[in-house]
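Residues per chain, in single letters:
Number of protein chains: 2
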Amino acid sequence: MIKIALLGYGTIGSGVAEVLDINHDSIAKKAGEEIAVKYILDLRDFPGDKNENKIVHDYEIIVNDPEISVVVEAMGGVEPAYTFVKRALLAGKHVATSNKALVAKHGPKLLQIARERQINFLFEASVGGGIPIIRPLISCLTADVVEEITGILNGTTNYMMTKMSEEGSEFADVLKDAQQKGYAEADPTADVEGHDACRKIAILTSLVAGSQVDFEDIHCEGITKISAADIKYAKAMGKNIKLLASSRMVDGGYSAIVAPFLLDDAHPLYNVHDVFNAVFVHGNVLGDAMFYGSGAGKLPTASAVVADIVDIVKHIDKNIVIFWDEKKLTLKDYKDVAYKFFVRAAADKDAIEAAFGTVSYVEVPEIAGETAFVTEPMSGKVYEEAAAKVSGMINMIRVD
Amino acid sequence: MIKIALLGYGTIGSGVAEVLDINHDSIAKKAGEEIAVKYILDLRDFPGDKNENKIVHDYEIIVNDPEISVVVEAMGGVEPAYTFVKRALLAGKHVATSNKALVAKHGPKLLQIARERQINFLFEASVGGGIPIIRPLISCLTADVVEEITGILNGTTNYMMTKMSEEGSEFADVLKDAQQKGYAEADPTADVEGHDACRKIAILTSLVAGSQVDFEDIHCEGITKISAADIKYAKAMGKNIKLLASSRMVDGGYSAIVAPFLLDDAHPLYNVHDVFNAVFVHGNVLGDAMFYGSGAGKLPTASAVVADIVDIVKHIDKNIVIFWDEKKLTLKDYKDVAYKFFVRAAADKDAIEAAFGTVSYVEVPEIAGETAFVTEPMSGKVYEEAAAKVSGMINMIRVD
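Going down the list, the protein sequences come from chains G and R. All the letters of the first sequence, read from the start, carry residue numbers 1 to 400 under the UniProt record's numbering. All the letters of the second sequence, read from the start, carry residue numbers 1 to 400 under the UniProt record's numbering.
What the hints contain is simulated information worked out from the structure, not anything from laboratory work. The structure presented is a predicted model; accordingly, all values stated were derived computationally and were not measured. Hints are supplied without guarantee of correctness; some may be wrong.
[Stated by the list, open to error] Okay, derived cross-link-like pairs now, DMTMM-like style, lysine to aspartate or glutamate, Cα gap no bigger than 25 Å in a straight line:
{"no.": "1", "chain 1": "R", "residue 1": "K314", "chain 2": "R", "residue 2": "E33"}
{"no.": "2", "chain 1": "R", "residue 1": "K314", "chain 2": "G", "residue 2": "E326"}
{"no.": "3", "chain 1": "R", "residue 1": "K29", "chain 2": "G", "residue 2": "D173"}
{"no.": "4", "chain 1": "G", "residue 1": "K232", "chain 2": "G", "residue 2": "D173"}
{"no.": "5", "chain 1": "R", "residue 1": "K38", "chain 2": "R", "residue 2": "D65"}
{"no.": "6", "chain 1": "G", "residue 1": "K340", "chain 2": "G", "residue 2": "E147"}
{"no.": "7", "chain 1": "G", "residue 1": "K318", "chain 2": "R", "residue 2": "D317"}
{"no.": "8", "chain 1": "G", "residue 1": "K3", "chain 2": "G", "residue 2": "E116"}
{"no.": "9", "chain 1": "G", "residue 1": "K314", "chain 2": "R", "residue 2": "D25"}
{"no.": "10", "chain 1": "R", "residue 1": "K328", "chain 2": "G", "residue 2": "D173"}
{"no.": "11", "chain 1": "G", "residue 1": "K328", "chain 2": "R", "residue 2": "D25"}
{"no.": "12", "chain 1": "R", "residue 1": "K29", "chain 2": "G", "residue 2": "E326"}
{"no.": "13", "chain 1": "R", "residue 1": "K327", "chain 2": "G", "residue 2": "E33"}
Taking the hints into account, I'd like the entire structure generated from these sequences.
Given below as structure tokens:
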């Protein structure tokens, strides 16, 4: 019998308790041991809840109980999560977490402590919710040098882009709809400005590169500038607009970006709609692969956390090696990566071609007073020089 | 330094040597040890090949060399692969294989020997080529009861269905094209009759159920009856026809089938084209997930084999537990599963409705002399009773 403690009894923490309950027998069989929740740390009480007698308010009870071999952190945020997780590891307790902020900021330090003690720090649920992506990267794609990893990593914005595409509506309207449905928060900044996706691609890039990528170093554009007119042009080109978080190998290093992209229907991420997430990987020998599923939600995320717990129980005396040095990786300049650029400008074709050279024009009958076009592939630097020469620029979206 | 032997220097065996060479340093880092090929067993010699001095013709050299800790089986077929693999395991050598016929037939026996000796028998490449699916099933979806696993598991037939859909051509023509491109063999039976996909879904179902599923027990229909007319109807309905290999949980057991299915564009497998493979999984807590990638090909398949080798090196003293008993699982009758059925019959609407009840008709202007329709969901048994009442049945395709 493995006894565990949950830190936090919110959506994910209670989901973990629920999954351990629903699939109790099959989980025990796969782990080789029964798994029981002994404590749940939360500031609140939960009178009437089936786990109400497991609630504790003092972390010392958990960290000092030698019966607890696994701590599940589902509090979110960097502190006090970091202090609690670090103390658990130092006390020889394995940790599973769903906390992307914690992992993005302190992942390598916590992995190092786990490695030194031959225990485990796992975080499958921190990226892509229920989609298995961290473990496949660590244990399945080991024969490859990953040359690109690109994800739709935020369900809220993907829902919004899907709605805008289906209904032709404006950003402000779909945001209101997403807030009403509970998909977007009252302050939607972290989602719509791409900050959430940015932390996730920082984690994935760190794992791919084996060194710390600070999310603050990643160029990040959200979806707030995407309008119904952009969607109309996308449709005219047979493309979808998706908020991508992407890292590519450039000159032996990695360049990372979070931004809206135009994808055509041959791209594996083209058809990832609503709140679903997906991660596309290109390996130098594997070629293209994609992992798709529920990127958020109580039970899918808890499913990933519980899979970590099972893996911990199967490796109770062995550290699962995860390469992620504390040494900071300096990213290559995202402006050195070449894309085609879709551009809308209140300018005439002569001015556009003088600045951008050969372009392909896109026309939408009901939009007048502007010229829309797609450039040839060029680096971000070359694009910016060209764009500076054209007055009346309206919007730009990269084409993948 | 880990020394390995390759059994077979054909497409996959030589691919394994190539991947170990191309990504030598990154693989050594991830495995924690350098990996070197010491022997390659093949009947042929390879004069001028960079590995020509590693070729041996006698298996005894390999099985009796204590320096060899990992044997990679890439010969294909059940014998002599089974004898060689079994002897390697009995001699305490780990084994990785890409051989679906071997795994489908003798998987549980070989896993048992590996378990008893605390070594490993891994077979990621036996299903879905380079797509990580076996390891995710074993180590990522452990929190879930898998209620459905459905794959596009044969690249040849998926290429053919894609071509038929794109070009409106007939089965015989695309088969010829696939043979010319080297995607289909001179005798295409194993692909087009679904036998290849059948072995793969037998392996996946065995892993999901934890017991031996014999592929001979799985109802298997190929794509040979699919015509250009069927594709026209599919397009009229906004659907694609795909050869699916699928297992579903029914009454606490599993029912399995290989057959062409009509998928609409909301299905994650709808957009899997050409030689790509994908596996869709529905877990009771995870919900929907999908794994997509190159289902065949030298380097993608070798990538999966090498990932197994790396996992073996990381678990050199520890058996990775894979639940798959020799005890045979009796499958539920596939005719008990309910689908909608798309039907073409040279019959009038009165006769059709008398037999099938309410149906939705599908019309394609250029096809005359027949009636096409989609039934309400019904079990295969109910469908067969209804179909027996209608004379002039032309074709039936299930709708997923």
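Results of checking the hints against the structure:
| no. | hint | in the structure |
| --- | --- | --- |
| 1 | K314/R to E33/R | holds (9 Å) |
| 2 | K314/R to E326/G | holds (22 Å) |
| 3 | K29/R to D173/G | violated (50 Å) |
| 4 | K232/G to D173/G | holds (16 Å) |
| 5 | K38/R to D65/R | holds (10 Å) |
| 6 | K340/G to E147/G | holds (19 Å) |
| 7 | K318/G to D317/R | holds (11 Å) |
| 8 | K3/G to E116/G | holds (22 Å) |
| 9 | K314/G to D25/R | violated (29 Å) |
| 10 | K328/R to D173/G | violated (56 Å) |
| 11 | K328/G to D25/R | holds (21 Å) |
| 12 | K29/R to E326/G | holds (17 Å) |
| 13 | K327/R to E33/G | holds (22 Å) |
Checked against the numbered hints given earlier, the structure breaks hints 3, 9, 10 and satisfies all the rest.
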